[in-house]
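2 protein chains.
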Amino acid sequence: MGKAQSLVAGIDVGGTTVKIALIDTEGTIQLKWEIPTNQKNQGAYIMQETAASIQAVLKQESLSIHAAGVGAPGFIDVENGIISEAVNVGWKDYYLKQELEALLHVPVVVDNDANLAAGGEKWKGSGAGASNLLAVTLGTGVGGGIIAGGEIIHGEFGMAGEIGHIQSVRENGARCNCGKYGCLETVSSATGIARLGLEKVQTERRGYLQDRLSEQGTISAKDVLDGARAGDPDAESVFEEAVEHLGFALANLCNSLNPEVIVIGGGVSKGGAFLTDAITRHFKRFAIPVIGEKTKINLAVLGNDAGVIGAAWLASKTFPEGARQLYER
Amino acid sequence: MGKAQSLVAGIDVGGTTVKIALIDTEGTIQLKWEIPTNQKNQGAYIMQETAASIQAVLKQESLSIHAAGVGAPGFIDVENGIISEAVNVGWKDYYLKQELEALLHVPVVVDNDANLAAGGEKWKGSGAGASNLLAVTLGTGVGGGIIAGGEIIHGEFGMAGEIGHIQSVRENGARCNCGKYGCLETVSSATGIARLGLEKVQTERRGYLQDRLSEQGTISAKDVLDGARAGDPDAESVFEEAVEHLGFALANLCNSLNPEVIVIGGGVSKGGAFLTDAITRHFKRFAIPVIGEKTKINLAVLGNDAGVIGAAWLASKTFPEGARQLYER
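First to last, the sequence lines map onto chains D and E.
Counting from 113, one number per residue, gives the positions in the first sequence under the working numbering.
Counting from 113, one number per residue, gives the positions in the second sequence under the working numbering.
You may find that some hints are simply not true.
No distinction is drawn between identical chains; accordingly, a pair holds when it is met within one copy or between any pair of copies.
Mimicking DSSO-like on lysine-lysine, the simulated pairs with C-alpha atoms at most 27 Å apart in a straight line are [what the hints assert, rightly or not]:
#1 K152 to K429
#2 K408 to K396
#3 K408 to K171
#4 K144 to K408
#5 K204 to K406
#6 K334 to K204
#7 K171 to K406
#8 K406 to K292
#9 K334 to K171
#10 K382 to K152
#11 K408 to K429
#12 K171 to K382
If you're looking for bench data, these hints aren't it; they were derived computationally from the structure.
Quantities reported herein were computed from a predicted structural model and do not represent experimental measurements.
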């Protein structure tokens with residue numbers, strides 16, 4: 113690791129840990145570590161501790177950075193680097209960019225963690241190089257990030273990419289946290305798939321899902337995918353319902369956005385090719401033929417590193433090495 | 113009109129006429145006119161005739177331009193200014209940018225006409241100033257243009273904005289020109305609304321729609337809107353079906369894109385506030401609450417000028433000669 117190398121810090125703030133990486137201009141992680149998220153005093157010490165940790169590592173390794181990118185959950189005023197609200201962390205109207213710039217003496221850019229995960233997969237993951245990419249996270253909810261023309265799409269007040277709230281069940285859908293009924297995440301998130309599985313077993317009381325319920329007292333999304341893969345008809349029926357809704361929503365987004373690639377991440381994506389093959393099958397039913405044919409549907413590959421890599425991508429792009437002098441003046 | 117003014121040419125190529133305007137840096141049309149589209153020899157003379165017409169006007173008026181923007185129908189390689197295919201005009205793999213730059217001696221930028229209509233409404237129409245805008249044209253088909261972060265979204269191979277092919281009728285939909293069944297434009301375009309009206313009257317054989325059918329031998333979208341406005345229950349039912357599909361598709365797009373404003377244009381938009389009120393009602397049912405509340409749904413106001421104004425917007429933005437002079441003044 114030569115001293116002449118130009119590095120940026122990628123920082124991914126979560127409710128439990130702050131992930132930190134020093135990343136070169138090629139997007140390769142040179143060093144990475146994490147510190148606990150200090151929730152005290154509405155998260156007031158998190159950036160101080162993060163900056164101190166970065167400065168200690170830089171000193172020890174005789175390295176320097178020329179910029180930093182930060183991903184945070186919640187609603188963010190991206191232009192000004194202000195966290196409007198991040199419930200998991202405790203921040204409210206928090207001037208993150210201003211504070212971290214004062215601490216690190218380098219320019220800082222801030223964005224939503226889901227958007228930066230999309231940026232990470234675009235830069236170094238399974239969407240490598242795509243200027244037009246849709247990242248989908250199938251976890252507790254359904255999250256998303258949209259990159260179009262090489263840029264993160266934010267929308268008018270930062271809600272772009274909230275694909276989990278695409279209306280999917282038109283009538284009598286389950287209630288969603290957003291206040292609506294029948295959102296995509298009520299049927300295609302890990303939580304949604306588990307809920308559908310539980311409803312199914314409560315009606316049918318048989319087979320693989322009943323066995324899992326008797327053993328565990330509950331049904332997980334993994335149980336549904338495992339059962340479907342093993343050919344259990346009830347698990348298959350639930351899985352098909354979940355992936356049909358996903359295929360429908362993603363096809364309609366792609367009919368309007370025409371990305372090169374969709375990257376599927378989150379816990380449910382552990383379903384692997386079994387999952388993406390099923391999504392692709394439904395996607396092709398609902399997509400404009402040429403879009404159904406050409407849009408790639410890939411599994412995310414960066415896992416927990418997507419956020420820090422995406423943060424570094426945005427920092428590198430926003431503050432290219434050559435711009436440093438201009439900033440410091 | 114002072115000679116020092118910095119002007120661009122906005123050009124909108126259609127199957128019948130080429131619309132041309134000289135537009136200042138504020139987006140005000142200083143002169144506009146049109147020439148017939150010369151379809152001879154696969155449209156080989158169109159740009160020559162357009163350039164000659166512009167040069168004659170510039171000479172006569174002692175004016176000059178510093179850039180030109182061109183909107184054309186069909187598939188376009190925007191980066192290189194090549195028309196891949198424009199069936200209405202006859203062009204195929206036509207190097208429009210290269211040819212027009214050689215003729216006019218100013219830089220030229222080319223984009224799809226629907227995208228530029230969105231740009232026009234953004235610049236000087238009912239989306240004035242919005243950085244995030246969705247333009248919808250309800251005509252023979254359903255067209256669209258998406259502007260996000262101030263830029264036209266093109267997608268991977270220029271199909272972004274093709275919102276007419278969002279799947280709307282999930283089962284047993286009507287066949288669409290794109291090869292799929294149940295696309296938005298099979299139910300919410302002028303053609304789609306007329307088709308639904310005709311199907312209705314063939315079943316019900318009564319009321320306003322039957323009267324129109326008896327008189328005219330057919331049913332138009334206008335008949336459906338007029339009947340619905342007058343309270344005819346069959347016309348109301350068809351109208352509600354068409355606007356519910358629109359509200360659903362637009363809400364789901366906005367759940368992902370979060371534009372500030374949706375601009376509704378095309379022949380069906382002559383339905384005015386009666387139409388936008390109905391779309392808004394369904395939009396709010398399917399949108400994330402804060403998006404349902406804050407997204408404006410406006411009627412387009414530029415009519416046939418949207419294309420030339422959008423072409424001038426793109427030219428001014430891409431080649432900001434005029435903007436600089438304005439700034440320096």
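- Task: Could you place K334 and K204 in one of the four classes (within, between, both, neither) given a Cα distance threshold of 27 Å?
- Result: Answer is neither: 35 Å inside a copy and 51 Å across each miss the 27 Å cutoff.
- Are the CA atoms of K171 and K406 at most 27 Å apart within a copy, between copies, both, or neither? The answer is neither: 48 Å in one copy and 48 Å across copies each exceed 27 Å.
- Task: Give the relationship of K408 and K171 under a CA distance limit of 27 Å: within one copy only, between copies only, both, or neither.
- Result: Neither. Shortest intra-copy (43 Å) and inter-copy (52 Å) distances fail the 27 Å Cα cut-off.
- Since the copies are identical, ignore which copy is meant and state whether K204 and K406 lie within 27 Å (CA to CA) inside a copy, between copies, both or neither. Result: close only across copies, 22 Å inter versus 42 Å intra.
- Homo-oligomer pair classification [K382, K171; C-alpha up to 27 Å]: Classified as neither; 39 Å inside a copy, 67 Å across copies.
- Item | Identical-chain pair category, K408 with K429, by Cα at 27 Å | So K408 and K429 pass the 27 Å test inside one copy only (25 Å; across, 32 Å).
- Task: Up to 27 Å between alpha-carbons, please classify K334 paired with K171: within, between, both or neither.
- Result: The answer is neither: 45 Å in one copy and 73 Å across copies each exceed 27 Å.
- Task: Pop the pair K406 and K292 into one bin, within, between, both or neither, using alpha-carbon distances up to 27 Å.
- Result: Between copies only: 16 Å across chains, 33 Å inside a chain, cut-off 27 Å.
- Message: If the cut is 27 Å between Cα atoms, do K152 and K429 qualify within a copy, between copies, both or neither?
- Response: Result: close neither inside a copy nor across copies, 33 Å intra and 47 Å inter.
- Query: How would you label the pair K408, K396 (within, between, both, or neither) given a Cα cut-off of 27 Å?
  - Reply: within (11 Å within a copy, 32 Å between copies)
- Status of K152 relative to K382 across identical chains (alpha carbons, at most 27 Å): Neither: 34 Å inside a chain and 58 Å across chains, both beyond 27 Å.
- Check K144 against K408 for me: Cα-Cα at most 27 Å, and say if that holds within a copy, between copies, both or neither. Neither. Shortest intra-copy (30 Å) and inter-copy (45 Å) distances fail the 27 Å Cα cut-off.
Violated hints for the displayed structure, listed by number in ascending order: 1, 3, 4, 6, 7, 9, 10, 12.
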